[in-house]
Amino acid sequence: MLHIKCPHCGLRSQNEFSYGGDATVKRPELNKDVSDKDWDNFVYLRKSPRGKHLELWQHISGCRQWIKVERDTLTHEIFKTLKASEEA
Amino acid sequence: MSEHFRLDKGGLINRSKKISFKFNGKKYFGYEGDTLASALIANGVHLVGRSFKYHRPRGFFGAGVDEPYAIVQMNRNNEVDPNVRATEQELFEGLEAKSVNCWPNVDFDIGAINNFLGKFFPAGFYYKTFMWPKSFWYKIYEPIIRKAAGFGAASIKHDKERYEHKYEYCDLLITGSGPSGLASAYAAAQNGAKVILAEDKSRFGGSLLTSEVTIGNQSGQEWAEKIITELKSMPNVVVKNRSQVFGYYDHNMLVMSERISDHLPKSEKYIPKQRLWYIRAKEVIISSGSIERPLVFGNNDIPGVMLSSAAKEYLKIYGVLVGKKPLVFTNNDSGYETAIEFKKNGIDPIILDTRKDPNSEIIKEAKDLNINIKLSYVVVAAKGYKKVNSADIAKISEDKKKY
Amino acid sequence: MTSLSALNHIHKSGFFGNYENKNEENLLKISEIKNFFIVQIVQYKNSSILIDNLNIDNLKLKNQPLTVVSNNDTRILWNGPKNWILVSKKKDLLDEILTVFKETDFAVTDLSHSRSIIEIEGNMVYEVLKKGSPLDISKLKSGDSANTVYNGITITLDFISNKPNIIRIFCLRSFGESFYHSITDASLEFGYKCL
Amino acid sequence: MQKYSVFSLIKNAFKDHKDWEVAWKDPTPKTEYDVIIIGGGGHGLATAYYLAKEHNITKVAIIEKGWIGGGNVGRNTTIIRSNYMHDENGLFSEFGMNLWRNMSQDLNFNVMFSPRGIINLAHSDAQMNVYSRRGNSMRLNGIDAVLLNRDEVREIIPMADFSENVRFPIFGGLMQPSAGTARHDAVAWGYARQADSMGVDIIQNCEVTGFDVSNGKILGIRTSKGEIKAKKIGLCVAGSTNILAEKLNMTLPIETHLLQACVSEPIKPILDNVVTFGAGHFYCSQSDKGEMVMGGDLDGYNSYAQRGNLPTLQHVLTEGIAMFPFLSKLKMLRTWGGIMDMSMDGSPIIDKTHIEGLYLNCGWCYGGFKATPASGWTFAHTIAQDRPHELNAGYSLNRFNTGHLIDEKGLGTKTWIS
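Protein sequences appear in the order of chains U, B, Z and F. Using the numbering used here, the letters of the first sequence map in sequence onto residues 1 to 88. Using the numbering used here, the letters of the second sequence map in sequence onto residues 89 to 491. Using the numbering used here, the letters of the third sequence map in sequence onto residues 492 to 686. Using the numbering used here, the letters of the fourth sequence map in sequence onto residues 687 to 1104.
It cannot be assumed that every hint is accurate.
Taking lysine-lysine and the DSBU-like style, the derived pairs with C-alpha atoms no more than 30 Å apart in a straight line are [stated by the list, open to error]:
id : chain 1 : residue 1 : chain 2 : residue 2
1  : B       : Lys227    : F       : Lys975
2  : F       : Lys903    : U       : Lys37
3  : Z       : Lys622    : U       : Lys5
4  : B       : Lys354    : Z       : Lys536
5  : B       : Lys207    : F       : Lys697
6  : Z       : Lys536    : Z       : Lys582
7  : B       : Lys354    : Z       : Lys632
8  : B       : Lys235    : F       : Lys1017
9  : B       : Lys248    : B       : Lys141
10 : B       : Lys248    : Z       : Lys622
11 : F       : Lys697    : U       : Lys47
12 : Z       : Lys632    : B       : Lys328
Keep in mind the hints are simulated off the structure, nothing from the lab. Model, not experiment: these values are computed from the prediction.
Assemble the whole structure, with the sequences as input and the hints as a guide.
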């Protein structure tokens, strides 16, 4: 069971969190022409690396904040956690 | 039936408390502190089950969690427990168990015909046959195979027992209360660490209970008792017996199954039968000791062939002889310890050692006790069907290429 | 305001579980807390007002994780960054709150009807919580609060006191009965008294 | 090739089984092949077999990093079914069912295909409605489906929890009587043995380290055993597709996730069918050996770990006991995790790529094992004819771009959104 350090609440067990996927995907900017390719990229395409992966989690049964977690998808080692607003 | 294989003294069982139990419908007696396995061996019962495919006779091979053979069906508190290892089940008054995978009974098992036709059922034979005619697989072959499958039978009733789980945090989790586990726990606890010490068996001490060792001026067993008593009195230490750590998950989350009531005839009201612990440990010491590996020879699965460490454990902890004419086959010094224990209890063992000229204190001790030692010897095959009665042995040739 | 609680049908006073032959003092005490005024106060992201200057029932909000500021009537629990739960016996506090926490900077939500609250007291409180919550509860002391889960139900813990151990637990009203079952079931082993 | 039969078994028994031929060889790679299949799992082996059998292309190599059948074909819960609602999935899977029915005879290897029937339990009226819709769709595609009421379910699986006051009462279920299970390893071995006998080189312990691509055309691969040329290369490495895609500078609509399963110690026969719990994610069957085979949902986050984590296992077993109380006394013999390609709509991809001569077979989500023969058959066709067969035309790579998703479950990889 993963042990994730919430930047707000401290170390908590995985069952307090909910997974939110790849954190590096950027939504196309609003009010601009967006090509089909850009939408495809944003909605469907994922690198899904084996190794370091920056991802979103929500501390849903805690402070309810979205956070960023840098985790190894092979070993599950967590290198760092950030507030959602912080850049890696 | 009397306990032909129980020594008059010795062992850690409570001889003042006699316990009656039933195996395959027959009544036997054992003592408080016995396992179902040790009590059965004491009563001379060596045949407890049948193997999965060939229905070969099965006895006891180990003395604990490593037991591959002695699987029984239990009745406890009006609940059925399939696939219980007799070597792990502690004896309690009124225990009822029976053999599995045999019909009509363990002694005369129709399924054993597979053993005599074994030549036609090699490993993976089913991939090569049962293909013609096509419909026969569905209608005849597979239904027969399915019917023959399985060991114990599960009850379809609701399980009325109580089970709980619990989350716990600690600085150090130690699995196993042998000498290294106890020493580690004691050192860490004295320095203020929050320690959980888990022991799978009912008794603490691990190998200290079966080995002739001294620590300081105490015997291993006395030392273990002293340390455990002290650990139990420390507020930063949790000491648990009958607790098996069975999973090591991500980020140092370990899972431990505590058997709270399995050794009692009936669970107390509001007390769970078992409790699952989710332990998040900062550090983990796995001091579970070793499990002896068997040597390979013909028919090494028949009842009466067992690990020498198990034979020693039955002697030292339960005061039970696994046999009266033991042959100890070894390739290292540990077999000598078992042989010496037999000798001390008036039984003459024979040691077969694969080594040519081993030399050590314990070998000298065995020689001094006039134990019959045959060096450069191996067991070629065990003989017997429902119980081993002899063995073919041979001397290894100089170039070790034949015997 | 109706005072009918979600636990009305199941919370019955009396002794339960393994209480026989035990000193009543050593039993767990489980009670339901009703008629509290509960309000969530959230400061907007773009608000620049300093919370240090704001007083409610003589208490200041504190943007420090896992803490509670309290007086005899009111407790303010940290519930996340710029997010607090105010719990008070004073049922008429809303007007004052709305004057202090202006809607230009704060979202104020009355949750009085949406929570079930259980209070447990006794030596074994921590043990009861360990049976369902993955939080390292032993680290928390009086004056702390924490959001966590208990057997899958999201809860808020308010550590009222350490001598004796008193913990107040909030959960969503709709999970109230399930949660109550979970807590009382975990308490059977120790024996408990429902007040 | 030696024929397997009861006669060859008896004959060899008298020779103490010393005369059996090896089931497949261990060749060193040639410098060039007509087709290279990367991945020696069920799908890769089946593809090579059907390339040889259906398209007469036998100069084929299977390149496998580990050992054949070591991936998902060795890490599944052996379920075979075609109970899908959408045409693409239903017709594809039913085509596969026919291959399964004849597989043992076709491969001369008993894969123990066992049509025990699969029952999806329903726990509400709404779920019964959903199932009757799915059942009707199945029947329209020629797939057998039976809607069962509570009493009919009870007759088939009396050991399920039919007691009063249960959290998820059983209202009924949807059954596909012809669905079932097969012996998973045997499938890989059977395909390997036949493919080998027709000239396919099965090269194990050989890792693909790179691709030779020039002017949008594939020329060959680089491996730990040297460079190998081929004009056509098929990727069949579900679970690790993204790792190879990275070497090709491709980003795919898939994420790699982990699914766990477990088996109990063998018990006497108690459950004859495959049963799925409708109020969560749990499924269960009993193997021919007597073990209870169980599985559940994804671990829930991207993972290549090939080992499971605790919360999902807790979840799976909790649901299992809610459905079948008798499971509570069983001890787990093994638990394991397998990594899989989760595509964004929950359906697979079998298609050409923008690189000429490079073909893609991936995105099998939870359903890869049962698809083994149909996947191999259609992928072989796609490679041999350089165009998809009509059965896999819907499983196109660009469907995410054009909006032609096949969202059978409506979730795809994003289980975390719900």
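Exercise. Are the Cα atoms of Lys697 of chain F and Lys47 of chain U separated by 30 Å or less?
Worked result: 55 Å, violated
Exercise. Regarding the pair Lys248 of chain B and Lys622 of chain Z, is the alpha-carbon distance no greater than 30 Å?
Worked result: 20 Å, holds
Exercise. Lys227 of chain B and Lys975 of chain F: Cα distance at most 30 Å?
Worked result: 17 Å, holds
Problem set entry | Hinted pair Lys354 of chain B and Lys632 of chain Z, Cα distance within 30 Å | Violated. Lys354 of chain B to Lys632 of chain Z sits at ~38 Å, over the 30 Å cutoff.
Exercise. Taking 30 Å as the top limit, are the C-alpha atoms of Lys235 of chain B and Lys1017 of chain F close enough?
Worked result: Distance of about 21 Å is within 30 Å: holds.
Exercise. Between Lys248 of chain B and Lys141 of chain B, is the straight-line Cα distance small enough, at 30 Å or below?
Worked result: 33 Å, violated
For this session: Starting from Lys903 of chain F, check that the Cα of Lys37 of chain U is at most 30 Å away, please.
Result: 23 Å, holds
For this session: Please work out if Lys632 of chain Z and Lys328 of chain B have their alpha carbons no farther apart than 30 Å.
Result: Given pair Lys632 of chain Z, Lys328 of chain B holds - Cα atoms ~27 Å apart, limit 30 Å.
For this session: Could you grab the alpha-carbon distance between Lys536 of chain Z and Lys582 of chain Z and see if it respects the 30 Å cut-off?
Result: 28 Å, holds
Exercise. Lys622 of chain Z and Lys5 of chain U: Cα distance at most 30 Å?
Worked result: Within the cut-off at roughly 22 Å; holds.
For this session: Compare the distance between the alpha carbons of Lys354 of chain B and Lys536 of chain Z with 30 Å, and conclude whether the hinted pair is satisfied.
Result: 59 Å, violated
For this session: Compare the distance between the alpha carbons of Lys207 of chain B and Lys697 of chain F with 30 Å, and conclude whether the hinted pair is satisfied.
Result: 11 Å, holds
Hints 4, 7, 9 and 11 from the earlier list are contradicted by this structure; the remaining hints agree with it.
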